[in-house]
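Two chains, two frames, some hints: make the complex.
Listed in order, the protein sequences are those of chains F and L.
If you're matching positions, the first sequence starts at 1 in the working numbering and goes up one per residue.
If you're matching positions, the second sequence starts at 1001 in the working numbering and goes up one per residue.
No lab work stands behind these hints: they were computed from the structure.
Quick caveat: nothing in here was measured; it's all calculated off a predicted structure.
Any given hint could turn out to be false.
What the hints assert, rightly or not - Label pairs and their calculated CB-CB ranges:
1) A98/F - E1167/L: 46 to 52 Å
2) E1167/L - C11/F: 49 to 55 Å
3) D1109/L - C11/F: 39 to 45 Å
We put the beta carbon where it would ideally sit given N, CA and C, even for glycine.
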Amino acid sequence: MSVLHRIVKSCCIMMGASLLACLTGVAHAELVVVASVGSPIPQLSRQQVVNIFLGRYRSMANGRTIQPLDAALNSPERKEFYWRLVGKNLAEINAYWARLEFSGKTKAPISLTSPKELLEELVQNPDAIAYMQRYDIDARVRVVYAMTDDRVPFF
Amino acid sequence: MLAMLRSLPFRMQGFRQRSLLVDTTTGILMVSVMLAMVITLGSMVLIRHYETQRQLDHVEALLTTVASTVSIACFAKDNALAGEIAKGLLANPAIAVVRIKAGRSVLVDEAINDMPISAQHIVTRPVLSPFDASKKVGEVRLIANSHYLKKQANHYSNQSMIVLLLEIAAVSFVVAVMILRKVIRPIEKLSVGTHAAMAEPGRHVKVPAGNDRNEIGRLTQDINTLIDNMSTLLVAEQAMREKATKSEETFRALAENMPDIIVRYDRECRRVFVNSAYIRQTGTPLELALNSSVDQVELWRPVMPREEYKARLQKIMETGEPDHILLEWKAPSGELVSHEMYVVAEYDAEGEISGSLAIGRDITQRKIAERQLIHQATHDALTGLPNRALLKDRLGHAVQQAQRDNTQVAVIFVDMDNFKTVNDTLGHELGDQLLKSVAARLSSVLRSSDTVARLGGDEFVILLDEEVSVPVLDTIARKIFDHLSRPCEIGGHELYTSISMGVAIYPQDGEDVDMLMRHADTAMYAAKSQGRNNYQFFSADMNSRVWEWMAMSTRLREALEQQQFCLYYQPKVDLRTGSIVGLEALLRWRHPDLGWISPSDFIPVAEECGLINALGEWVLEEACRQLRQWQEDGVPEVRIAVNLSAAQCNSDEIVHTIRALLNDYDVDGQRLEVEITESIVMHDAETATRTFWSLRDLGVHVTIDDFGTGYSSLSYLKKFPVKSLKIDKSFVSDIEHDPNDQEIICAIIAMTHSLGLTVIAEGAETHAQLDFLRRAGCDQMQGYVFSEAVPADEVADMLVSGRRLPLEPHDIALRLTPDTQQPAQLASEGYLIAE
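Just chain L, same shape as in the assembly (with noise of 0.2 Å):
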């Protein structure tokens, strides 16, 4: 019952807000009052009690008092006396009946009227004789007055429990005051004042005074450092809720300015949030995509298939672990975007997975460029074909293919002959129509499961994988030499193509892919070797001559490099004077392991390398050098003339080189002539004349060389500034048999003279030869029958040492050229002149 009345302030609390000042004094008060009822209830009963015992023992002392006088009626037996002692007793109210008894005689019973007679209290003493204490005279018997003596006994316990109260209030007073006064009223001041405090952040409670040592002092103390704490949080947690709201508005403005597209999936990928660069970039409005699952199909339309785009997600979030996926689809205006989309998985609070997050980063630019990169990688730059990495890719696959199907895969490397010289000749940009213009015709002879490559320069590879075999093969290879043989046009010009065709076929030439390569290659050059303009199928034995042809390219450039070339000079006579007039510089090869390599077996492949130049250029700047050289050495002068190749004449590069070289060493161009084959005149005449002009500027002589065997105009020769004329060797070597080689050589003797030049006969070997070109009147002789190419100190040896043609004077009739030296001594010396 205690514990319920003692929760009854808490439970008063909850109808209404009550002060602990109304708690406390009504919990005081209500604990005073029971326990006042308790202790009043029972001191009334100790009291009663205890009064009642008190009353009797006074009726009792009453009795002690009246002892002696009742042992004096009880020993006289006086019941006079008696009834007065009982009737004095009696006057006492709390004695309700009196019965002296003197032996067995009643000496008095009396009783107080209207007394309903309890039995309750009943005192009885024994009656002493006055005179011999051992001896008992009597009995007094009293009942008390138990009416009286509850009467007193309330009364008295009635006060008492009054003055009780009394006592009990006047302490619950008291310490309800003191309570109110040294702890409820500093508490209630400290709950106002944090109360108050409350209302404005930062403020401290004051300590209610004279408390500042106590434990409400401390509290306050503790209230005040909580303020404090509070206001700290309460500011960080501002400063915190504001960066998060900041960062979810930069978040937002993040997401929603981002270029890359944002979007996130539930579990279902369904789409939950969708930034607006994905509505730009898909086109698909913002409530349509929201909550439509990938594998909608009316949405978008993905490259990849969307059961894959799905499954690629779930994986993702079953894993965990983030993954890159290149997404492409057609955008509203139709083409190809692809994104490069990040994607992580997200998870809840709780840890478990929630759904995934894309982020994807628009690189459809990006991927425009690697396909144009991959396409600029496997396919050549001006044709457009596949180039050889793309070749060797295809080449693979075919014979891969091939060993599963056990059929048969062709290769064919195709070279164009003389597309150098065309290059040269005509220039770059000519010689790349050109190569475009074979391309196309390569591709359009083939089917559409052949490839046709281009590995570059004038190389091209032809891949055959379907129905290859022998005839099928000779049929294309025809067919391809009559589509190729048909002119061009190109610029103006009808150029011929000659091509070279090697042939390889899988698995008889080869079982993989280098090897086949290597083979065609070899039986393309083989096709070359035998006179180009021709296919050979690849056959065991041609490796070893193609191996020497291609291992001599190589040997070329080392030759270059290494200084392995030198020039021969075979001197020209005057047949006249017998003496040298000039020097013809030939190149010889001295391989340091092989010795000698005659120039017909190196010249064609220099040709077909293009080291042409390198060796032309060389062979002028060596001619300089040596001539230089001998003005140094004080050899007597001697014109030196270099044969020019076509390329070298057909370009103003020759006319730089040679002016640059004739400044290097510091020689006179009228020391230096140049020898030209006349079928390269024929062909670009403008710049042939240009240069030539150029070239007569510097001083230099020109000479046709071969001449009689090429097409000539003879206009041309007008037109050129021309200094001699070389004859054909092979007019020369059959004088002796051919009679019309003779009368050749007397035209073109003739011709020669009369238009003002020299003439110059190549390759006399006899006497009877040297006579004829003496009777003839040729000019000048070069020949083994003077000596043949000798090295540079041999021929100094000769110019030094002045050796000259034995002439028989009286056998020769002189005839006078400007050139002719010294005429008057030839004279004296017993030559006739001739008119």
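So here's chain F without its partners, still in its complex pose (with noise of 0.2 Å):
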């Protein structure tokens, strides 16, 4: 996109983003992406969670391979976390991993179907990573990406 796009569409994204926080009244209402506390997933930048959550690359650096969670199918947690992610709404990102998937080499993640089941299932995989709202994480599970800076979904 050119940058003078970009520059737009962040504008956008800001006002609307200002917005829905004038609407909704809801201040910390944010996605994290977290993983146990004693997993060895150190911080990882939004281009390293993009190649995580997409199947880029998993591999860590003492070489084991993080395994990302999706939330529950059509979970608006799944869709925001997409959306802000890489722009793409779940049928696109439901049509990516169709065709990944069709190779066979890289799985996309399994999707639990509540933040309960993905801090359970986060606490038993070390490599496991999720995301969910801050307001759902416990003590169990620490931030390793914070979706603040992000952009404003716009639905």
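The structure is reproduced here in structure tokens:
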């Protein structure tokens, strides 16, 4: 995308975000990417989050593979997450995984139904990461990436 | 190349007659084939190019379709996916090699087997992250299957080529058909129609249907107009050709039938054409005449030198001006043939002289007539001698020559003295013969170089131009006289010719022709006045005398016209009675300027000039008139005696004249008397006798005049009805002195009386003579002693008054004669009557 386009988009998103903030009144609704506290997964950059969740790079330095976990299908978190991350809607993400899964090399993140399940899995699997609302996280996980400075979702 | 192809139909025409149809079709076909080839080749190339491009675009489009998947594959570095994608791509026959790179690592690099890879068509596209369009996550490289592409392109282009060809063919076909139908067919019809019309002159071409208004129709009309024009032209040309042939034939007929000769010469004066008249008149056959030059000797013998004729022909050819040439030559028969040739120059088609044309009219007859005329004009008809004109011409030349050579020329005028007399006495025929004889004699005396000419009448002129000198002329003159003095026998008569000659010599007597002739003439007149029968050399003083002589003749003529003459009358008296018994009419001439001119002066001239007859007639008429007049006036009757000349006596004319005059004036013949000299009577006795008897029948008295002076034959006196004799005055005048004359007179008187005639004595001037005559017994007397000749009025007075000779009666013994009037009275008056 052109620079101008991006600038305009950013402004729109910012305006929209502030508007939504004003409208919803929710101050701290924010998606975060968490891993168990005992996981060796470091703090991630956005790009790394993208690479992991979208199957590009999942290997760590220590040789272990990170396993991303998806929120429930069609859940708002999922929508927001991917939107904020890559600006794609779920259909597109599904289509992406459809293709990738076709070849079988890379698998899509396993999708769990609720944040509770996600938390449970995270504790179980130190290589897994998931995303959820900040208010959904507990002490067993830690945030590896926060999505605050990203795009404002525009539904 | 196009041009060459275009010219092909025309070149093919040379081989064989082709039709427009075929040519057009062929042309169209060839053009369309060529076009098709060019176009299809071009389009093939284009199509291939575009097809290839299309395929490549297609390939690129393919890429686009797999772009998202490829980006996922590259993003996810999924070989399998990439492989699947590559497989999918390679399924497209257009793609030969697929290489997908993610970053540095090659995910997949697949190629179709057995394909030689040409790196011609490579499509490379960067793969972008599906989640971040700004990030490139890989690269896709496709190499197109050139072979396949080519195959496709070819296929496609072949297809389209076929289609194109079909299209072109269809279009060409349609075009051809259209042209055929719309253009070629009508043209063909027109061509066929025109061709057919050619066969029949004047036939029109039908307009191909439906083409009335367009160019074909107009062309047809024009063709028809041309046909009409051509028909007219052909007819005209035919007529002209016929005319030319006709005129050629006419010319031939003309040339061959023409009596004129036609000769055509070329530039070297050789004959190239001769007509039949030429052949006839020159006697030269055609083969010889043609192509022979006028120079050649054998063929003709012209009078003019051949070179001259040739030169004249050449001059005509040079100047271009026509000329007339008189050409004469000897015909085969030997006679001279004359032709007047009219020669013109002939020109060829470029206007250059090509020869000459000569047309000759036969003028032989004309020339002969001309020559005759010339001869007639220059020669005297009777004698054949040169005439005045020719003489003057020759004299002129002689004078010129003498001037140059410093010699002399002599002109002799010869005049016959008595010619008129002879002519009148013997008649014109004998007179002519005399002239011819004289002419011949003169010619015979002279040399061949001398000229004898007849000037006219009885005048001849001799021209001498060689060895002229006075002694020579003397000799010649003498010779002439000798020759001519011999008598010539003409018509049974012996005639003596007497001539008068006058000689003038150039240069002393004159320097030009006229003067010489005039002076010779003057000398001749001088000779005449010197008594004739001699010759005189001109001298300066002759002029006046001769001038007089010649002037006299002119005056005489005038006198006759202007009535300057009158008659005087001398009374004849009877010696016994003394009364006037008759009158002799004597001619008197009173000239207005010169006064009275003596008859002795003018009578000889009158005789010379031939006026004597006119004078005689005038006298007769005047006498008759006078008689009538006196009758009217009551003058006592008296007889008038008129002298007749020899000429008058010797023709019967005189009788007619006198009869006519007596009738006209209603005068009795008895009142008229004629006196004739005796010598006249002697010549032509027969005619004279006849004349006198005729006169006697008219009542006219005849008196012999000058009796005693001529050689008279007394027997003639018996034959002629003479009334009286007149004794010549020469006898009377010497009565007193010469006893001989006395005797003669007595003898004459006796003889006359014995013949029963009256005797009258002429010229008594004295009383003594008168006395003697009386005593001698003479009957009558005429003389001054009584009266001289006096005018009519005076004599009328005498007659009226009855004047008479005074007589002494006792001296006179009267002898009675039948004429004596009133003899009884005489006796009573005391006259002695002799027995």
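Which numbered hints are broken by the structure, listed smallest first? Per hint list: single violation, 2.
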